[in-house]
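Novice: Residue numbers (my numbering), protein chains in the order written: chain A, 2 to 247; chain B, -13 to 205.
Just so you know, these hints were derived from the structure itself, not from any lab.
The C-beta atom is built at its ideal place from N, Cα and C for all residues, glycine as well.
One or more of the hints may lead you astray.
Computed spacing ranges between beta-carbons, pair by pair [to be verified]:
1) A:Q239 to B:G97: 39 to 47 Å
2) B:W114 to A:E116: 18 to 26 Å
3) B:I138 to A:D18: 44 to 52 Å
In silico contact screen, one side only, chain B against chain A (beta carbon under 8 Å); selected entries [said to hold, decoys possible]:
4) Q102
5) A108
6) N112
7) A117
8) Y167
9) S169
Pulled from the structure, derived: some chain A residues nowhere near chain B, Cβ distances all over 12 Å [claimed, not checked]:
10) K119
11) D210
12) R219
The residues making up each chain are set out below.
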Amino acid sequence: MADEILKVEHLNKFYGDWQALHDISFDLKKGEVVTLLGPSGSGKSTLIRTLNGLEPFKDGTISFKGQAIDPTIKNWQALRQEIGMVFQSYDLFPNLTVLDNILLAPTKVQKRPREEVKKEALELLERVHLADQVDSYPRQLSGGQKQRIAIVRALAMHPEVMLFDEVTASLDPEMVRGVLEIIKELSDRDHMTMIIVTHEMNFAAKIADKVLFLEDGRILEQTPGKQFFAHPQTERAQEFLSSMDF
Amino acid sequence: MSWDVIQQSLPEFAKGFRLTLWLSLIGIIGSVIVGIITSLVRYFRVPVISKILGAYVEIGRNTPLLIQLFFLYYGFPVMGLKLSAEASGIIGLIFLGGAYMAEGFSGGFNGISQAQINAGEALGMNRWQLARYVVLPQGLTLSVPAFSANVIFLIKETSIFSVIAIPELTNTALDLIGMYYRSNEYLLVLVIAYAIILIPLILLLDWLERRVRYGSFGD
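Only chain A is shown next, with the shape it has when bound in the complex (with noise of 0.2 Å):
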């Protein structure tokens, strides 16, 4: 299919003799959300992890646009800057200014010139309502901020999809929403093509296309969002919403 981004087809992922990803497969169309939820340990993050090359794989195919992924890490390198990443505890860099942060790889790995991306930085950070911390320090911001930041800089790479490892998980309640309207809208206005794990589940429920719900490194169902939330095909899984329903 012309508009599939990424596909993964029965991928399997061992730490030393203990199988983490157990035959994995499933597909990314271009403008698609997909959520990865499950009980902790389950293999979100790992999976996750996995499609940019965090984590090596053993056996099964990763394809990007319809082209197998040979994983050496020179091709991760480049395919990182098309599959941007943010993650769990920020991960701004401490000896950078906010805008330095963002332009490092823009300007390093891609070459692209500094005032071009400056003047884009400038603009996505106007879009998360951060444009005064520009000369901040990373140690100087909220954890919310922090957030918004790491979203900035990995949109500044320009990159096709965007991976969202519990991008929330370590933040103070109230910070949470600001994060996850910069996804929403992101999705909406920008059709980004975006695979989240998370466990907001009002949030899952908005925005994803389709859920994967995995447990034990494995996926239970694939299915709709909507579906999902309302009728989840597995006992697992319905187990599992009432679970996080309080």
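Starting from the known structure of chain A, fit chain B onto it as the hints suggest.
Specialist: Same frame as chain A, now just chain B:
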């Protein structure tokens, strides 16, 4: 204790002082360069070279400078490579200091969280870019205490150069004592000369340590 004896020896000591400073400076700069390269290669586990440099660090740290100097100055000529005393001294000091510096920098690099490295990787950085923009700026900051200790250590180690007749401070003192038998005076000057180098330096390095510890980024 005679002031005249001290005064007459000062021109000789001044020469030794300059030589000690000069050899220390070259030794420290060389050790830092060798240390950074070695620790980076080991950090990124570059195949083969990383293992070789690992062995180098162990040998460098676990053999005395005295023996390294004997090996360079007396051993190499036997194999047909004649080195001057100064060259032997500098090479020996950098061999020793590079290993110590490498270990110190490695400690700093290993203090960087894996998440920071992942963040750099996720932005498409290659190894060189990770080293330049993530590992070095953060790791070197963490290594300042080890770096300070090594700088002081290396300056003091230059006194060993006296055994291969490099006329630095200690050699100058021993020579003068041998000629004029005025141990008290010459040893006093020797101690003061080292103190003049080391005390201001220790204060400077302490200041640097405090700066990176409390200053951090963004104050």
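Novice: Taking the closest Cβ pair, is B:N112 under 8 Å from chain A?
Specialist: holds (5 Å)
Novice: So, B:Y167 near chain A? Judge it on the closest CB pair being under 8 Å.
Specialist: Status violated, d = 57 Å.
Novice: For the restraint on B:A108, tell me whether the closest CB of chain A is nearer than 8 Å.
Specialist: holds (4 Å)
Novice: Within 39 to 47 Å or not, the Cβ separation of A:Q239 and B:G97?
Specialist: holds (46 Å)
Novice: Within 44 to 52 Å: is that where the Cβ-Cβ distance between B:I138 and A:D18 falls?
Specialist: Cβ of B:I138 to Cβ of A:D18: about 49 Å, so the range 44 to 52 Å holds.
Novice: Can B:S169 be said to touch chain A, with a Cβ gap under 8 Å?
Specialist: violated (52 Å)
Novice: Any Cβ of chain B at or closer than 12 Å to A:R219, or is the non-interface label fine?
Specialist: Per Cβ check, A:R219 is outside 12 Å of chain B; nearest 25 Å; holds.
Novice: Confirm or reject the claim that B:W114 and A:E116 have a C-beta distance inside 18 to 26 Å.
Specialist: holds (25 Å)
Novice: B:A117 was flagged as interface toward chain A. Is the shortest Cβ-Cβ separation under 8 Å?
Specialist: violated (12 Å)
Novice: Grab the minimum C-beta distance from B:Q102 to chain A and call the hint holds if it beats 8 Å, violated otherwise.
Specialist: holds (6 Å)
Novice: Just want to verify: A:K119 was marked as not at the interface with chain B; is every Cβ pair farther apart than 12 Å?
Specialist: Given a closest Cβ separation of 17 Å, the condition holds.
Novice: Is the claim that A:D210 lies outside the interface with chain B correct, judged by CB distances over 12 Å?
Specialist: The assertion about A:D210 holds, with a minimum of 24 Å to chain B.
In the structure shown, a violation is registered for the earlier hints numbered 7, 8 and 9, in ascending order.
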